[in-house]
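A.B. asks: The whole structure should be built from the sequences, with the hints applied where relevant.
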Amino acid sequence: RAQCDLSCPQNYPLYIRSVPTENELKFHYTVHTSLDVVDEKISAMGKALVDQRELYLGLLYPTEDYKVYGYVTNSKVKFVMVVDSSNTALRDNEIRSMFRKLHNSYTDIMCNPFYNPGDRIHSRAFDTMVNSMMMQVC
Amino acid sequence: MEQGPAGGSGPAGAGGLLLPLSESEQQRYSELFSRCCPPPEAAAGGSSVGELFRASQLPPDTLHQITEVCGAKRVGYFGPAQFYIALKLIAAAQSGFPVRIESIKNELPLPRFMALKNDTEVLYGTPAEFHGVKFQVPHATLEKNSYKRTDEGDKQEPKSPPMSPICSPPASPSTYQRIPLSYGYGKARSGLEQQHGAPYEVKHSTHQQDGPSSGNYGAKSALTCSTPSRSLSVEREQQDSSTQYSDDPWRITEEQRDYYINQFRSLQPDLNAFISGSVAKNFFTKSKLPIPELSHIWELSDVDCDGALTLPEFCAAFHLVVARKNGYQLPETLPETLLPEYLQAACLKPMRDCALFDSFSEPLPSSQQTRDFSRAEKSSAEEVPDNSALLQDGKKDDKQALQASTTLKTIPKEFQHLTVKAAAREPNALRARPRSRSYSSTSIEDAMKKGEEPPTPPPRPQKSHSRASSLDLNKIFQQNTQAVRSGWLPPPPPALPPRPSVSQTEQPSEAELHPQMHRPPSQAEENSSAKKEVVLSQPPSKPARRKLRTEAQGLETPELSPTINVTSSLPAVKAHLPVQKQSSKHKRAIQTAIRKNKEANAVLARLNSELQQQLKEVHKERIALETQLEQLRPVTVL
Numbered sequence: 001r002a003q004c005d006l007s008c009p010q011n012y013p014l015y016i017r018s019v020p021t022e023n024e025l026k027f028h029y030t031v032h033t034s035l036d037v038v039d040e041k042i043s044a045m046g047k048a049l050v051d052q053r054e055l056y057l058g059l060l061y062p063t064e065d066y067k068v069y070g071y072v073t074n075s076k077v078k079f080v081m082v083v084d085s086s087n088t089a090l091r092d093n094e095i096r097s098m099f100r101k102l103h104n105s106y107t108d109i110m111c112n113p114f115y116n117p118g119d120r121i122h123s124r125a126f127d128t129m130v131n132s133m134m135m136q137v138c
Numbered sequence: 001m002e003q004g005p006a007g008g009s010g011p012a013g014a015g016g017l018l019l020p021l022s023e024s025e026q027q028r029y030s031e032l033f034s035r036c037c038p039p040p041e042a043a044a045g046g047s048s049v050g051e052l053f054r055a056s057q058l059p060p061d062t063l064h065q066i067t068e069v070c071g072a073k074r075v076g077y078f079g080p081a082q083f084y085i086a087l088k089l090i091a092a093a094q095s096g097f098p099v100r101i102e103s104i105k106n107e108l109p110l111p112r113f114m115a116l117k118n119d120t121e122v123l124y125g126t127p128a129e130f131h132g133v134k135f136q137v138p139h140a141t142l143e144k145n146s147y148k149r150t151d152e153g154d155k156q157e158p159k160s161p162p163m164s165p166i167c168s169p170p171a172s173p174s175t176y177q178r179i180p181l182s183y184g185y186g187k188a189r190s191g192l193e194q195q196h197g198a199p200y201e202v203k204h205s206t207h208q209q210d211g212p213s214s215g216n217y218g219a220k221s222a223l224t225c226s227t228p229s230r231s232l233s234v235e236r237e238q239q240d241s242s243t244q245y246s247d248d249p250w251r252i253t254e255e256q257r258d259y260y261i262n263q264f265r266s267l268q269p270d271l272n273a274f275i276s277g278s279v280a281k282n283f284f285t286k287s288k289l290p291i292p293e294l295s296h297i298w299e300l301s302d303v304d305c306d307g308a309l310t311l312p313e314f315c316a317a318f319h320l321v322v323a324r325k326n327g328y329q330l331p332e333t334l335p336e337t338l339l340p341e342y343l344q345a346a347c348l349k350p351m352r353d354c355a356l357f358d359s360f361s362e363p364l365p366s367s368q369q370t371r372d373f374s375r376a377e378k379s380s381a382e383e384v385p386d387n388s389a390l391l392q393d394g395k396k397d398d399k400q401a402l403q404a405s406t407t408l409k410t411i412p413k414e415f416q417h418l419t420v421k422a423a424a425r426e427p428n429a430l431r432a433r434p435r436s437r438s439y440s441s442t443s444i445e446d447a448m449k450k451g452e453e454p455p456t457p458p459p460r461p462q463k464s465h466s467r468a469s470s471l472d473l474n475k476i477f478q479q480n481t482q483a484v485r486s487g488w489l490p491p492p493p494p495a496l497p498p499r500p501s502v503s504q505t506e507q508p509s510e511a512e513l514h515p516q517m518h519r520p521p522s523q524a525e526e527n528s529s530a531k532k533e534v535v536l537s538q539p540p541s542k543p544a545r546r547k548l549r550t551e552a553q554g555l556e557t558p559e560l561s562p563t564i565n566v567t568s569s570l571p572a573v574k575a576h577l578p579v580q581k582q583s584s585k586h587k588r589a590i591q592t593a594i595r596k597n598k599e600a601n602a603v604l605a606r607l608n609s610e611l612q613q614q615l616k617e618v619h620k621e622r623i624a625l626e627t628q629l630e631q632l633r634p635v636t637v638l
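Residue numbers (the UniProt record's numbering), protein chains in the order written: chain A, 1 to 138; chain B, 1 to 638.
Please note that the accuracy of each hint is not assured.
Unchecked claim - Short derived list, chain A residues pointing at chain B, Cβ under 7 angstroms:
1) C8
2) D108
3) C111
4) N112
5) P113
6) H122
7) S123
8) A125
To be verified - Listing some non-contacts, in silico: residues in chain B with all C-beta distances to chain A over 10 angstroms:
9) A55
10) V579
11) E617
What the hints assert, rightly or not - Take a look, some chain A residues computed to stay more than 10 angstroms from chain B by CB distance:
12) N11
13) L25
14) E40
15) R91
To be clear, the hints were calculated from the coordinates, so they are not data collected in a lab. In this text the structure is predicted, and so the values were computed from the model without any measurement. Think of the CB as a built atom: it goes at the ideal place given N, C-alpha and C, for glycine as much as any other residue.
C.D. replies: In structure tokens, the structure reads:
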């Protein structure tokens with residue numbers, strides 16, 4: 001199981017996708033709470049540092065074992081990914097590459113003049129990319 | 001003989017449909033044709049046709065009339081088109097209608113032929129619908145079918161409905177296409193399903209005979225109401241006169257291409273440069289498609305994802321817009337025929353492009369890509385300046401480019417409207433955009449702003465056009481754009497490293513710069529005139545140029561008109577610069593830029609030293625004040 005979420009600087013979601021789609025609400029909640037942690041990390045980082053990726057092993061609940069990964073772009077857009085802990089095959093590098101792909105797709109969306117920053121993302125290309133990525137993970 | 005898929009899917013349009021044939025008719029006719037004309041011959045054998053006609057039990061002179069009307073006499077043989085028309089005429093005659101083309105447009109029962117397989121006639125008793133279903137094409141057959149038109153290669157697009165006629169391209173040049181079309185069909189007929197082939201030709205030949213007027217554009221209006229569902233995706237309808245030999249709706253015809261190119265020119269005279277995102281956005285928004293669809297169209301057509309449209313990308317986008325407006329669903333991925341490489345290979349008209357131009361445009365996209373990442377992080381408004389900068393770089397040479405838009409006879413109203421607006425908006429947009437550049441400092445922008453306040457230079461005299469422009473609209477655009485351009489020359493030379501020192505100047509330093517820009521007219525003029533010269537012969541910009549441009553703009557706008565007039569005469573002269581001259585001007589431009597850079601450096605160094613001095617003085621003052629404070633403090637404490 002996995003979920004991918006994209007939040008804007010104002011912390012509302014621009015894009016959420018879960019695979020599979022049940023328990024989505026729980027994932028939404030998780031993601032939202034993790035945004036706080038992300039903000040914390042950003043401010044702690046200081047200026048001029050953009051962390052490529054953050055590992056949230058700390059959010060591992062004993063009951064629900066999943067890992068939450070975060071990623072922040074230069075413009076404070078946050079990507080959050082929730083994956084099942086049972087998915088031990090998922091390595092750090094893979095997560096990084098996934099985030100990078102997400103970021104690239106996101107910039108492609110930004111290039112679209114019809115996209116207003118802050119809008120929800122409806123791009124089909126982006127959907128396809130995210131779906132394929134999540135299929136890979138699960 | 002099997003019946004085609006019942007019902008047929010929804011309408012959709014085949015524009016230019018003059019002879020609708022129902023499935024039953026199609027099948028019947030194709031069967032008859034195949035009987036008379038064993039494939040792979042292109043035409044039915046005269047004797048078998050004659051036999052068939054006689055079997056219809058019509059009087060001989062009626063048959064003669066039919067032969068004449070269907071065009072066989074004219075072309076000299078019974079091609080599929082002629083054959084089908086003849087069959088339809090026979091049906092009409094048998095129903096009692098006069099042998100005229102008009103009569104076959106109505107619903108008709110199938111022609112009856114004695115001594116043929118009469119059992120099939122029973123199946124096809126009901127006449128075809130006319131208005132409800134424009135044109136039935138067997139569906140499943142399409143998919144299995146590797147039907148190839150002679151020129152199409154394997155550009156099968158079974159899933160996408162064909163392109164219906166767009167308003168603008170005139171239908172007249174298409175008639176010549178009909179004949180090759182029927183040849184093509186005849187040849188390709190062998191071994192393939194004939195249902196869909198035949199009706200196409202019938203349509204075409206009737207079209208040919210009747211002239212483009214009658215059902216063509218009327219069909220189009222009906223077409224716009226109906227939206228073919230792509231999920232059916234089996235429906236494949238014939239393109240109308242404005243398409244090439246294939247019925248691929250995603251293939252751009254020459255007329256369409258010309259039209260698109262002209263539209264591109266109205267937004268961006270240099271065909272090798274980009275249209276920026278916001279300009280394109282405004283343009284396409286006028287098509288009144290919903291924004292999500294436009295967004296999707298952009299996604300499809302902006303292949304390199306740089307936020308700007310090159311000419312092929314623009315053509316693809318425009319084509320998609322037109323397709324969508326005519327009721328066709330947008331594909332999920334860009335069709336092959338709309339890929340930029342394909343479009344570029346398919347001979348876009350390069351206006352006096354030399355190798356230089358191409359070579360310059362190439363590094364651009366790549367550098368743009370690398371910049372995408374950082375750029376995209378900033379607001380999209382900032383992206384626009386980048387693109388607009390490129391836009392202006394490329395814009396330089398309206399003189400060289402064939403500015404005159406070739407007259408397009410029937411530019412649709414909306415796009416006339418569009419182009420006017422685009423041109424009008426452009427001057428403002430262009431002025432506004434470079435100001436919000438995404439440079440590290442905004443100081444240059446302020447300088448630029450101030451530089452631009454001064455009155456705009458008078459518009460350049462109209463340059464002579466290589467092609468007559470019968471549309472006054474175009475002249476208006478030119479005036480607008482020229483006014484813009486005169487104050488907005490593209491920057492000087494390429495191949496200059498970016499000048500970070502300039503972009504990072506502080507406020508006071510650009511106060512200095514600014515007067516410098518304003519004041520030394522000779523220097524500015526000299527630079528700008530040299531620049532203009534260079535500029536005029538410059539190919540589209542390289543990335544480094546964009547930073548230079550801001551200074552160039554500041555330098556150029558306060559320019560006096562004489563400079564402009566001088567240089568504007570130059571362009572007229574330079575209308576046909578050969579490549580070599582350009583490269584030498586290149587060098588000159590580089591040297592000029594170097595000189596300019598050095599001057600700027602000197603200025604900045606001076607500024608720096610002055611500021612240092614000021615800093616020292618301020619320090620001293622501060623120390624003095626502090627000591628004073630110390631001295632005073634014991635007094636106050638007490």
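A.B. asks: Check the structure against each numbered hint from earlier and tell me which ones fail, lowest number first.
C.D. replies: 1
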